[in-house]
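Residue numbers (the UniProt record's numbering), protein chains in the order written: chain A, 1 to 539; chain B, 1 to 504.
Derived by calculation from the structure, the hints in this document are not laboratory data. Since the model is a prediction, treat every value here as computed from it, not as a measurement. Wrong hints could be hidden among the right ones.
Below, simulated BS3-like cross-link-like pairs (lysine-lysine); rule was C-alpha separation at most 30 Å, straight line [said to hold, decoys possible]:
#1 A:K139 - B:K386
#2 B:K417 - A:K139
#3 B:K336 - B:K386
Not close to chain A: a few residues of chain B, all C-beta gaps over 10 Å, as computed [said to hold, decoys possible]:
#4 L32
#5 V230
#6 P236
#7 K301
#8 D346
#9 V357
#10 L373
#11 T423
#12 P445
#13 L486
#14 Q489
Glycine included, each C-beta is placed from N, C-alpha and C at the ideal position.
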Amino acid sequence: MKRRVFLQAGLAAGLAAGLPGCRFDGRSLFRPDIRIARPGMDTGHALRDRRALPPPGQPVSGEIRTEVAILGSGIAGLTAGWRLAREGFGDFVLVTGPEPFGNAAASRFGDVPCPTGAHYLPLPTAASIHVRTLLSEMKLADDAFAAAPDYDESALVHAPESRLWINGRWQEGVQPHHGIPPSEIAEQQRFYAYTESLKHHLGRDGRRLFEIPLALSSRDAEWRALDAENFAHWLARNGYTAPSLLWYLDYCCRDDFGTGLAHTSAWAGLHYFASRTGRARNGDDAAVLTWADGLNTPARHLLAAVTPQRTLAGSVVRVRERRDHVEALVWQNGRLIRIRARCAVIAMPLFVAGRVVEGLAGDGFDPSIHTPEHAPWLVANFAMDHFPSEKTGETLAWDNVVYQGKGLGYVVATHQLIRAARPERTVFTAYHALADGEPRDVRRWLAGASADELYDLAASDLAEVYGWKLARNAGAVEITLRGHAMPSPRPGFLGNAGTQALAAADGRLLFAHSDLSGYSVFEEAAWWGWRAAGRLLGT
Amino acid sequence: MLDRLLILSVFVVASCGLAYELIAGALASYLLGDSILQFSSIIGAYLFAMGIGSHLSQYVKDEDSLARFIDIELLVGLIGGLAALALFLVFSWLAAPFRTVLYALVLIIGTLVGMEIPLVMRVLNQRQAEFRELVSRVLTFDYLGALAVSLLFPLVLAPKLGLARAGLLFGICNVGVAIWTAYAFRRELPGLRAQLTRAFVVLALLVAGFAVADRLVQWSEKGLFGDEIVHAETTPYQRLVITRWHDDLRLHINGNLQFSSRDEFRYHEALVHPLMATLPWAKRVLVLGGGDGLAARELLKYKQIESVTLVDLDPAMTTLFATAPALTALNQGALKNPRVHVVNDDAGRWLENHDQVYDAVIVDFPDPSNFALGKLYSVPFYRLLKRHVAEHGAIVVQSTSPYFAPRSFWCIDATLKDAGFHTWPYHTYVPSFGEWGFIIAGAQPGYAPPERIPVPTRYLNPAAIRLMFDFPPDMQPPPGIQPNRLNTQSLVHYFEQDWRNVQR
Chain A
1 MKRRVFLQAG LAAGLAAGLP GCRFDGRSLF RPDIRIARPG MDTGHALRDR RALPPPGQPV
61 SGEIRTEVAI LGSGIAGLTA GWRLAREGFG DFVLVTGPEP FGNAAASRFG DVPCPTGAHY
121 LPLPTAASIH VRTLLSEMKL ADDAFAAAPD YDESALVHAP ESRLWINGRW QEGVQPHHGI
181 PPSEIAEQQR FYAYTESLKH HLGRDGRRLF EIPLALSSRD AEWRALDAEN FAHWLARNGY
241 TAPSLLWYLD YCCRDDFGTG LAHTSAWAGL HYFASRTGRA RNGDDAAVLT WADGLNTPAR
301 HLLAAVTPQR TLAGSVVRVR ERRDHVEALV WQNGRLIRIR ARCAVIAMPL FVAGRVVEGL
361 AGDGFDPSIH TPEHAPWLVA NFAMDHFPSE KTGETLAWDN VVYQGKGLGY VVATHQLIRA
421 ARPERTVFTA YHALADGEPR DVRRWLAGAS ADELYDLAAS DLAEVYGWKL ARNAGAVEIT
481 LRGHAMPSPR PGFLGNAGTQ ALAAADGRLL FAHSDLSGYS VFEEAAWWGW RAAGRLLGT
Chain B
1 MLDRLLILSV FVVASCGLAY ELIAGALASY LLGDSILQFS SIIGAYLFAM GIGSHLSQYV
61 KDEDSLARFI DIELLVGLIG GLAALALFLV FSWLAAPFRT VLYALVLIIG TLVGMEIPLV
121 MRVLNQRQAE FRELVSRVLT FDYLGALAVS LLFPLVLAPK LGLARAGLLF GICNVGVAIW
181 TAYAFRRELP GLRAQLTRAF VVLALLVAGF AVADRLVQWS EKGLFGDEIV HAETTPYQRL
241 VITRWHDDLR LHINGNLQFS SRDEFRYHEA LVHPLMATLP WAKRVLVLGG GDGLAARELL
301 KYKQIESVTL VDLDPAMTTL FATAPALTAL NQGALKNPRV HVVNDDAGRW LENHDQVYDA
361 VIVDFPDPSN FALGKLYSVP FYRLLKRHVA EHGAIVVQST SPYFAPRSFW CIDATLKDAG
421 FHTWPYHTYV PSFGEWGFII AGAQPGYAPP ERIPVPTRYL NPAAIRLMFD FPPDMQPPPG
481 IQPNRLNTQS LVHYFEQDWR NVQR
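If we strip away everything but chain B, and leave its shape as in the complex, we get (with noise of 0.2 Å):
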């Protein structure tokens, strides 16, 4: 009887063993994009993970190896249930050491369940069952585990569950042959009430985990992604996720909102129009960033522009924007169009290397939110850009919110006036962003709201710009705004403390 228990527990341990290696593999691919390098790398470290387990299964003395049993499966629920949902915080709070704590995890999980069969068949073995139909009866029913896993997690429990309360799941089912181990065996286990009261501690924190594991993961996942997610990619330069919840694509990179398909014509019209409706003889643009492609979409509305060179720094970003069906029909192929030049380069050695003038300038950058992208928006860039603007010429900037960051905002202004230019700072409203910031420099003084956009448009009319350059009493510049030298930095300063006061 205890023999067949035994050999019931086989089962589920090598079902759970099966789970967590899917679990981890699926999440990897999940969240770091290309399964099969995922599967490939997760499933290796793991059976390679389990064989220094077999191996260090000799260590375990013959006497104990029926209570170290017990404690491994502990063990094993404790570690492999909450794997996944420790992953997932990993990920979205501390994005750095993602790989680490993976590979880590799938190490430590292999480990343990790498000892769990050598020790079962000594234990049997010890209870002088027959050897050949020992090695027999624990296979088979250790193979019949993984089948019964591998159907039974994708169909029912990862989409059910999801994968950290699956992961959890399985964690109990440890614990459950952990508990039940042990009472069977009671009468042969000295430490039994430190052990039994050991399992119950742990198959309360992974019962509580269970509870509250939707909850944690859709707060941590819910910031990065939220949707079904269509496109994942890390690049040496980003990580491109691309979600759809019904019509609405979003574009995430390193997890901050880019733009969603619902709203990012109001972001894009507001970001162009109300310079290029005022430059009816431009015919030479440059756009600085801007890889999706949805700024050019607007640039090649006007028939006299001969040319729009846009440079930006990944090329995986361009190449999706270029061929993927759903994002080219958002751009309307606009970086398959033959008057757009899609040139992967950083911006700044771009400027420095390259002498073009051109007649309006689109600089769409990620916010300022650390030093390296704050140099982006400092005097000595922007004396760099003026460079390459024509006499008459002007640039739009695209420059946070003026509500949730002002300081940031009028930093930005005061930056491009520092430079040289005169500026036009001009906001709208973004459902999926809130209020948002751009601002023209020119050269030149002189600029006035376009009388009439020669482009069709779904949301801007001259009225509507009108409007966007009156700023109302809770946006006006706060005092006492330095300009973004290189040597202080104030932007990123002042980005910090901004989003600071915003974010809870």
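Here chain A stands alone, though its shape is the one from the complex (with noise of 0.2 Å):
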């Protein structure tokens, strides 16, 4: 109805652009309506110019006494009040903080639900203990300990999976092979074939060198040196120059970490390729589990293990460790909440962590030295009224990808769907690592960019890919800016003292959040939520 209006308006706007004298963008005439999300932005702002958070003279209007405060409401703090939940341990309350679910909400348009954040999770490796409980737990899984467990399929991406468009065509699969020379073909598989040998290979120390959770791999000085160079040089100087290869290797960096090759550790570039070792026994290796809200489905289940009694909206505006106890200082609509817990799992991103928690220097942690970089992204949701026609022959697959694209693709919402027909509308998820410049110069691009610029931003891979028809077939598009999206792995990151020292807390605050790991990934955040319970439960 919106879009209807809209289109009337629209050309009554084109009728009086043929009048001498009336002047009019034709371009705003065929697009969608544009709504832009900024989550956690003003709260993050306010903190960090620390006049308007808390607000001076802000009395404290309720006090909550607790065991164990858990402070934020992405994977990490969820991962952690699901297992204490599920060991016994009733004790707790969560508090969401200004996004709940951080990377992994989501939205809905009419009966259509789409991620803002991240949409998949890989076959867990054998050493992901925590992610494996969780699939058992949700009954994705049967014997979900085994070396290739059968997965509940309908969460299985479906075929077909994923595809590129090159050279004015589609081929299956992303790593580029249509029109590529055989010898550039040829590198591709050398790598491959390197970074497959690489997944068994062990350490001095006996672990694998690339491990999820990336604690656990190897602490082989000789492979941890590869953290010192960046992917770029280290591909070059293992004599790795396809342009295609490089292409590919620079989306997957984008991808995981928001960085090009050029920013990216070796060490991460190649723990990338050679850490993923989970397999299904009904699915390629490649496989990965995927649901129309993207990772909103697992972090509901999280969720619905801590229960809205122990969850606390709002957002935790002050930290302080007291002899015997921790205070946290909880901004609700208006009011200020107390919480006093024996001790506090920061589950929050350490840029805000930094602002919030009193002493970090303390604990070995210097903000203003150890906070590690965060790429910015952009994630936009098309509501498409209808889907837009595909080449003859086409099928959309689950992620559809452009080869030397400025954003890393779109996602269908509506793939998992088992339908007879398919639906009348879908969303397309579209994702962009804003990873050429400065992340700061980048955010502050964002933070005045209008809402013209961000849509032709958002819409640059489908517009190259449908054209026209895609304004034809948009109705909405919803765009959510992260500023501070992911920590990336860039050289060094490996030797974060601030970091290790934050891991290794164990008093009264233990931290819990992907930015231990240096880069953000599902498994990473449950892995560091799941140890936090752990060691509260002393096991």
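Dock chain to chain to rebuild the complex, using the hints, since each chain is given by itself in its own frame.
Here you go:
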């Protein structure tokens, strides 16, 4: 309905444009309604500026006493709460923070849910006990701890999984091969064969070189030395020059780390390809688990265990460690609530913790030095009134990527439905890691960009594939800006003494966040939450 | 003399102009259904395009008007003449952009036709004809031509020649006008030789097209319809076409034959009775797909069945088969039977959202020809379905042809087994389909073909049923068949390969 009114208005404006003396920007005639979300930005900036939060002189209007306060409701905080609850420890409170679910948040258009953050979970490694426990509890895997469990196929990504728009047509899979010369294909295969061989390679300490969770990787200094080098340099040094291979590796780094090859640690780049050893009895090794609203489905499962009674909406504005307790102030709709807890799990990103938690330097973490660089992201959900027509013989895949495109492609929210006919409406989720330029400059641009500029960026891949048909089919678009979406494993990240100190902290404050791993994926975030809960439980 | 010749060409040109419009309208309503909409929108678009043509004609310089008129005649002849044939081919080979191509052609032809009359009038005007007389004569012949063709087309040309050849005939007329005019005004035309060469090339093309048009149309059209169309409808989900040839009614969905009334009883008896005759206690039956009501007709023969729930996506399909007399005669009014409950919903969604349990389920989905349909033959779908089947109940699945698509057939069997069913595959011969296969699947082992069929049948008896479960050597399961998992959808690949091997 809105769209029709919009089009009528546009049409009237278009007619007016034909009259002499009237000026009209024809571009916006065929543009859907744009909504822009900046989750956590206002709260974050108020904390940064130290003026607005907590408001000076604001009285504390309530106090909650609890054993454990979990501060943050991303995957790390939720996993900590879920594990505590599941092992019978009920005396805790989980504070959501400004954006419940964090990078696992979701949105919805009509009856189509869609992610505003991450959208898939790779098959867990053998070491990912925490993920396997969760999948088992969610009844997503039979015999979840087997080498190759039987996963619920409705959650395993359905065929066709991915395709790449390259040289004006689609090819199956994202690794470029259509129109790529054989010499480059051979180089791609050499790289994959090498990383495949690293998968089961053990360091001198008997651990896998590249493990998930990352903290369980080998400490073998010879291999960790790779962290001093950037991935682009390592590739050049090892004779990898094929543009198609370098594009794909750069794409993977932007996708998982938010940085291009030149700003990614070589160790992290190899970790991406050599760490994933999960398998499924009923799917390819490269299969992933996914849901219409992305990781919000497992996140909601975790939250259900936390229960609403133990959940407190609001943002933590101050955490102080006292002699015999931890005090946290929570800002909730104009009220200030004090939580008095024996222990606290700091499950918020470190650039926020650095502003909120007092005395971090005493724990060995100097926010000005040790806060990892966070990459900015843009996630755009295009509500499609109709599926745009594909080229003859082509089928929409789950993940659709444009070779050398500006973005990371787009994912189809209704892909996993089992239906006799495809639904009338769907949502395309387009991802952009804003890896060009310094994150700080990009964030400044994001803050000042107009809706039209953001739309042009968000729609760049889709516009390349569908051209003018995109505007005809997209009724609305919700653009979620994540200025500090994820920590990037830049060269040297493994040697960050500050994050190591927080990871080791074992007093009244425990830290749980993927920032401790240095890159943001579900398994890492969940692992820190799992581990923090384990410490509280004494296991 | 020359002026009179021009006036005569106006008559021919006007006839051709209207003819293209009629052909496009007829073709659109023939192929797309809803003739009022098709005719109105095509006439509207065509007249609008003629307006554009008239407007554009002012940009032709006075001294060029005769030469351009001849060029335009050639273009109209070529594009207009081949349009109908091209549209037939586009419709049968590339279903998606048909409308776009149709309207693009209508606009192009309309624009060219719209330039004809203004140019003729200018040529005549240059020759110092009296303006009052000129307008009256040109328009008189214009409208006379329209009358002639509007009678000739439906009464003689369309039935005798068909749409494609009628179009080509009018194209030849246009080229004839061009050649004739060029020859008559040969002294006034500078590039006569080139123009005549072009004209004869176009003429040769059209004549050749005329010669092969019938075969081409038959070739493109037969694949889809073959016979007289008695109902054509495009719904949001599919295109339904019902054809009749003597007493043979056929349903085509998206161009694929669904049944022929001559032998559908073989298919539907084979689908229903080998299972139902062994479930004398079955009271509640679910049919997925089967909006034609023919499986329901077989089910209703069993007096003990209290309710048949039929879930079919397309309300247009179930409404058609509940109301059209020829079709209700075929399904014996099954869809109006009080024991039958028709649900128009997506079978996948409906199964997810309901939890009723049925004693038997008849699964009659379209073949797994794409990834979306392949999901209805997958392990999770069968697991979902299993939750709707009573402990001792069973399902039967239409499973493509074990002869033409052996890997697909045995893949469905492997998929049912992976979902925890015991399976009993069988097959029979349906003349309009060839050898066709079905699979009975139950949560419990121990199916045995029925000793008797308690209801009247035209085709099956217990001996015939027993034979269906025997697979001769050329229909044995191929080795190494993988079940259809959603992550890989092996079935869709098997199906594509199997039928690629069969079709020429």
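Hint by hint, here is what the structure shows:
no.	hint	result
1	A:K139 - B:K386	holds, 17 Å
2	B:K417 - A:K139	holds, 21 Å
3	B:K336 - B:K386	holds, 28 Å
4	L32	holds, 17 Å
5	V230	holds, 25 Å
6	P236	violated, 8 Å
7	K301	holds, 27 Å
8	D346	violated, 5 Å
9	V357	holds, 19 Å
10	L373	violated, 7 Å
11	T423	holds, 18 Å
12	P445	holds, 22 Å
13	L486	violated, 4 Å
14	Q489	violated, 4 Å
Checked against the numbered hints listed earlier, the structure breaks hints 6, 8, 10, 13 and 14; every other hint is satisfied.
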